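Engineer: For the record, the sequence lines run as chains G and H.
For the first sequence, the working numbering assigns the number 64 to the initial residue and increments by one for each residue that follows.
For the second sequence, the working numbering assigns the number 64 to the initial residue and increments by one for each residue that follows.
There may be inaccurate statements among the hints.
Since copy identity is lost for identical chains, a pair holds within one copy or between any two.
Said to hold, decoys possible - Okay, derived cross-link-like pairs now, DSBU-like style, lysine-lysine, Cα gap no bigger than 30 Å in a straight line:
no., residue 1, residue 2
1, K66, K145
2, K66, K171
3, K72, K118
4, K118, K181
5, K171, K99
Bear in mind the hints are in silico, worked out from the structure with no lab data behind them.
Please read all numbers here as calculations on a predicted model, not as lab measurements.
2 protein chains.
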Amino acid sequence: MDKINIQEKLNLITDYWKPIIVGELNKQQVRLVKIKGEFVMHKHENEDELFLVIKGCFKMDYGDRIVHINEGEFIIIPKGVKHRPIADTEAHLLLFEPETVLNTGDVKNSFTVNSPEKK
Amino acid sequence: MDKINIQEKLNLITDYWKPIIVGELNKQQVRLVKIKGEFVMHKHENEDELFLVIKGCFKMDYGDRIVHINEGEFIIIPKGVKHRPIADTEAHLLLFEPETVLNTGDVKNSFTVNSPEKK
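Excised from the complex, chain G in its bound form (with noise of 0.2 Å):
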């Protein structure tokens, strides 16, 4: 019941690709993360998945198609759609999603975060 100021929570994260838990409600998620590079492509079998951007942009691709997500923009990902998010420069998203969705979805690599921290 107290507020959560998002860049003092973003101030902690270090590590690219490695979201961090900074609210819960209704088994559902809000995350931090702060992204630089390719990521893997993946899904997620039974959760759907929102990026927000809070500064800087990154491309979602589906394979087939690129789009592209600027601050203050949004994208929805729904279950089962192959995604992976690409940023040319480091950028800050803040992530929707149930409290089951691991980080890389169908994929088990050296991106997976099992647990993420709470900040």
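Fit chain H to the supplied structure of chain G, relying on the hints for placement.
Structural biologist: Just chain H now, with coordinates in the frame of chain G:
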């Protein structure tokens, strides 16, 4: 799977306290609302609710204390907790909440919006 520009959607809002639906995922909705003045004290029996300030600032009145929320900050109101948003000047908010949420919760009055528009 296309992006949503928050400012473009805010530009469609003409009335205070009338949320519009701009995104849906996992039975939750992303809503946008412009607020000014004092809302009605209410609670949501079964839903937690998130308020994120896009522009301006507002106060959340819990009855026994008030929290000031500024641009770039958010607050989560747990289910069952009485709350009342107050905006001394116009503020623009993004809400993340279950699709079942009625804006005035357990109260019905002139602020009640039974079916927010999708825009």
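Engineer: Run every hint past the structure and note whether it holds.
Structural biologist: Outcome of the hint check:
1. K66 x K145: between (34 Å within a copy, 16 Å between copies)
2. K66 x K171: The answer is between: 27 Å across copies meets 30 Å, while 34 Å in one copy does not.
3. K72 x K118: both (13 Å within a copy, 19 Å between copies)
4. K118 x K181: both (21 Å within a copy, 26 Å between copies)
5. K171 x K99: Intra 19 Å, inter 47 Å, cutoff 30 Å: intra-copy only.
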